[in-house]
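Top line first, the protein sequences correspond to chains G and X.
Residue numbering for the first sequence follows the numbering used here, starting at 1 and increasing by one per position.
Residue numbering for the second sequence follows the numbering used here, starting at 801 and increasing by one per position.
Just so you know, these hints were derived from the structure itself, not from any lab.
A few of these clues could be false.
In silico DSS-like links for lysine-lysine, alpha-carbon gap of 30 Å or less [what the hints assert, rightly or not]:
| hint | chain 1 | residue 1 | chain 2 | residue 2 |
| --- | --- | --- | --- | --- |
| 1 | G | K754 | G | K209 |
| 2 | G | K157 | X | K1066 |
| 3 | G | K684 | G | K262 |
| 4 | G | K669 | X | K960 |
| 5 | X | K1066 | G | K780 |
| 6 | G | K266 | G | K149 |
| 7 | X | K960 | X | K987 |
| 8 | G | K149 | X | K870 |
| 9 | G | K217 | X | K1066 |
| 10 | G | K157 | X | K1059 |
| 11 | G | K209 | G | K263 |
| 12 | X | K1058 | G | K789 |
| 13 | X | K998 | G | K147 |
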Amino acid sequence: MANITKKVSWSSRGDEPAPAGEGTPLLNGAGGAARSYSRQFSGSGIFQIGRLSTVDLEEDPAPEEESAISRPKEIPHNEKLLSLKYESLDYDNSENQLFLEEERRMSYMGFRCLEISRWVVCALIGILTGLIACFIDIVVENLAGLKYKVIKENIEKFTEAGGLSISLILWAFLNSVIVMMGAIIVAFFEPIAAGSGIPQIKCYLNGVKIPRVVRLKTLVVKVCGVICSVAGGLAVGKEGPMIHSGAVVAAGVSQGRSTSLKKDFKIFEYFRRDTEKRDFVSAGAAAGVSAAFGAPVGGVLFSLEEGASFWNQMLTWRIFFASMISTFTLNFFLSIYHNKTGELSNPGLINFGRFDSDSVEYNLYEIPLFICMGALGGLLGALFNVLNYWLTIFRIRYIHRPCLQVMEAMLVAAVTATVSFAMIYFSDDCQPLGEDQAENYPLQLFCADGEYNSMATAFFNTPERSVRSLFHNPPGSYNPPTLGVFTLTYFFLACWTYGLTVSAGVFIPSLLIGAAWGRLFGIMLAHITPYGSIWADPGKYALIGAAAQLGGIVRMTLSLTVILVEATGNVTYGFPIMLVLMTAKIVGDYFVEGLYDIHIKLQSVPFLHWEAPATSHALTAREVMSSPVTCFNRVEKVGTIVDVLSNTSTNHNGFPVVTRVMDDDEPGKICGLILRSQLIVLLKHKVFVERTRSRLNQRKLQLKDFRDAYPRFPPIQSIHVSQDERECMMDLTEFMNPTPYTVTQETSLPRVFKLFRALGLRHLVVVDSENRVVGLVTRKDLARYHLGKHGLEELQLAQT
Amino acid sequence: LLTFTGSSAMVSLHLVPRLIALLLLLPGRIRSSSPVFNSLLSDLQGDPELEERCRDLLRDFGRRYESYVKCAVPSARPVRICENCHIQFEMLRVVYNNISSDQSEGSGSNRSATFLLRADRLMLVYMLFQNLEDVWDVAHCSQCLSGDGLSNITLRYMAKLNQSLSCFESQKNNHSELCRVCRADYKDLNEFYSIMEKNQTLCIDIEDSMNATRRLWSKDFNCSFPREETVPVIAVSSFMLFLPIIFYLSSFLHSEQKKRRLIHPKRAKSNNSLMNIQDKHS
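For reference, chain G alone in the conformation it holds in the complex (with noise of 0.2 Å):
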């Protein structure tokens, strides 16, 4: 199979005979990475026989394999590729000509007024986000209250009368019904809102257009899917959900309009564009943290870990604006909804509780365990992301229509009911009623009177509520084979969950698996040492735990220890919840990746990360370049462009704008840069060079009207270009950036890199020494360089 990739990649280039020339003075500058190529081809090998043997159940290899050599087009989704359908954002400001003349025109309190505006986007923002969270918590609280005391009330019929495989089909059947809404609207009306969408938010805030990410549809149908799949006993949380809706409700509300709603508000003008975009999404993202965790310090964190470029000290301050605001929106209404209006203590969406002050001590002989448990967490983090892996990769190739993207979701709405009532029902732990009723739905079943289930505490609730009771329940409230069996069942429950056709979040899932084994093994620590009782609190072993295994499938650091810092309300634990983190990020590393890196990976985003391969400084921008360069003159046929445009084999997004080439295989000066989207606008309004002469009161075209089409531009297709006006001409010295990053041949990947990086470029052009256009780099040219097992490894362009 190794041979079909070599094939790939032959073909690739069988259709331009190679000057020798050219070619030569390279060589030895690029030894490494000729190497690495081989590399990757037996890397790549080995992986695709694996997938042959999966199946060769269908269809016979052999011919397959024949047709592979001869037409290799087609190859199953693997994590090695990278989609056309993803583009890059435009963090980069297009400096033309109307662009400067806006700015020059602009007033000192011009500048000042849009400073106020971006506060006041950042409240807006923290408020509707805070607002939603608000909406999501009080909804799933009622539904699944609702849900659990039906099924509470049949169970105590039916063990007094008997059948209760009854109530077991019924808690099935609500399960599936309610998770069946969720997942319809996923799949049928907005399949991108599946999932946590943290890694979706990450690749937008990495510099990635996600398609249709940030829409008010995707919003509302995160919102329902979330109450619809949290409700219906998912083993699934409402936090990462949380974060991709303040990241919705950003974009949306710096639009001041909305395209979904084709309701224009008219204000916010200046902000139509990706640069203020994706910042005011910084800011969402983490107004969403902090609703969902109570943590306004983790949100910011988050944002800048995830997503931010380079630091800015004023978006940074804006960005904890919003935070603090969204924190204390959620608080104010949840306080009006409790009954206490006014009391604003009350933490996120979770709430983990506080840890009273004499279970928090810890010592300095505890830190060795606490690394232990990171390190298990650590372990347990990969297979859990090894599997997931597994999984995702087999939905995504044969799961894919939606109708079965439901029945399964539904499948796994019913399993889970019936395995918690299974263990449920199976289990003899019982526990005495406690006073201050922790337990919110305590079934009795087969226990003595004024004795409720133990079991049922961690499967007959919400997933939070379970994570509650671990952290805070006092010892003695678990028998250690319950929390065993409790670790083992949700483990796998969770890692199935994941990546349904649901939107829901794997933050709480995490959470509770670390906090039940880490339960369990502070309560085998009180077993085996003799005065361990004393200091092994179970609810201390349970924090650190769900740390550790959090920590273990998300790879999160800083952020993270600073969310479970905030969210327990302690100092305290700040320094075992690093250690264990680390601890977690360092083993877990060792065997895969985190899981939303590898969810970024199996959707084959162009992804850049902080740091340009380690081995790549081979190779120049020669070899990473795209090349030939569509471009154009700077003044151009309309029907040149209409074509280059509707060419749908080559996609291109910007254009470098020469100087005219008197010889058609020399490449031309360069004198600008210009994108798609605005040649678009400029073919929408029809700025030819013959129309301005013949109309001189013809309305200058303006950046307003730039903006007023983003962030949807018109499709090439829709414009109607008569055969009149394709021989008309069109100027580009107005419109184009006249000042593009240029570099020359011979800059090293990582120094190309890391200009992408720090500038949010989208297009760098690459000039020789004459400035002559002679390749252009994009996203996808750098982000295919990816470190492999065996090395420096490239990726492939696919169609998804």
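Dock chain X against chain G, hints included.
Relative to chain G, chain X alone:
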């Protein structure tokens, strides 16, 4: 172990030795003291009349304290503190209120409230009373008292409890018979208790007696519901668990595998030749 014994019982049990110790110490504190040191000092401290009034109040407090503790300690197990001692506690509360609200002549440091309650670091009288009041609060005694006696609802509960217990007593030789005969009474009691629990009209006496009864019913007589539907539950569960296996197998076999079309990007010609050479090498 059972309902509601948890924290409240722990507190009251924990306090018992302390109460006994105090009971023994109290009379000594008031009467005997080192004659030279203390009497001189108290003489010098001013108003003898106030002094005398305070001593009276203090003596009164001591007596009532004694009678309350004498009542409370024997009622510790099984807990009957609210029922047996509410009169004594009420009397103690009255005298304490007298002390603390004593407004008689003078103001500031001369009042006996200040003199008795806050004159020193220990604040013994205050502490003693506070402890007892805490016990009373933790026991929720006020929830089953009304006026100067047990509330109606408590009395009704007691009647139902006695009914169940006498039923238990009559059938105690044959447990299976007991479960059948007394189920109605016990259920009635249990439901009544649940209502009281919801209305927050429980005090430690009721909780404790209900715990004991429930323990009798569930553990000693073994009348809880047996787990007897294992087979249907297992059958339904395994059916449910079987569904996803079928689902995945069928979608694996029948669903068309999603293929991706590869796109070949334009690359520099130099790159091309490089690859040619490299291929020749390998």
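Against the structure, the hints:
1. G:K754 <-> G:K209: The hint holds at about 20 Å.
2. G:K157 <-> X:K1066: violated, 70 Å
3. G:K684 <-> G:K262: Measuring from Cα to Cα gives roughly 19 Å; hence the hint holds.
4. G:K669 <-> X:K960: violated, 101 Å
5. X:K1066 <-> G:K780: Within the cut-off at roughly 12 Å; holds.
6. G:K266 <-> G:K149: The hint is violated at about 48 Å.
7. X:K960 <-> X:K987: holds, 10 Å
8. G:K149 <-> X:K870: Given pair K149 (chain G), K870 (chain X) is violated - Cα atoms ~47 Å apart, limit 30 Å.
9. G:K217 <-> X:K1066: The hint is violated at about 37 Å.
10. G:K157 <-> X:K1059: Not satisfied, since the Cα-Cα distance of roughly 52 Å exceeds 30 Å.
11. G:K209 <-> G:K263: holds, 23 Å
12. X:K1058 <-> G:K789: holds, 26 Å
13. X:K998 <-> G:K147: The hint holds at about 21 Å.
Comparing the model with each earlier hint shows violations of hints 2, 4, 6, 8, 9 and 10; every other hint is respected.
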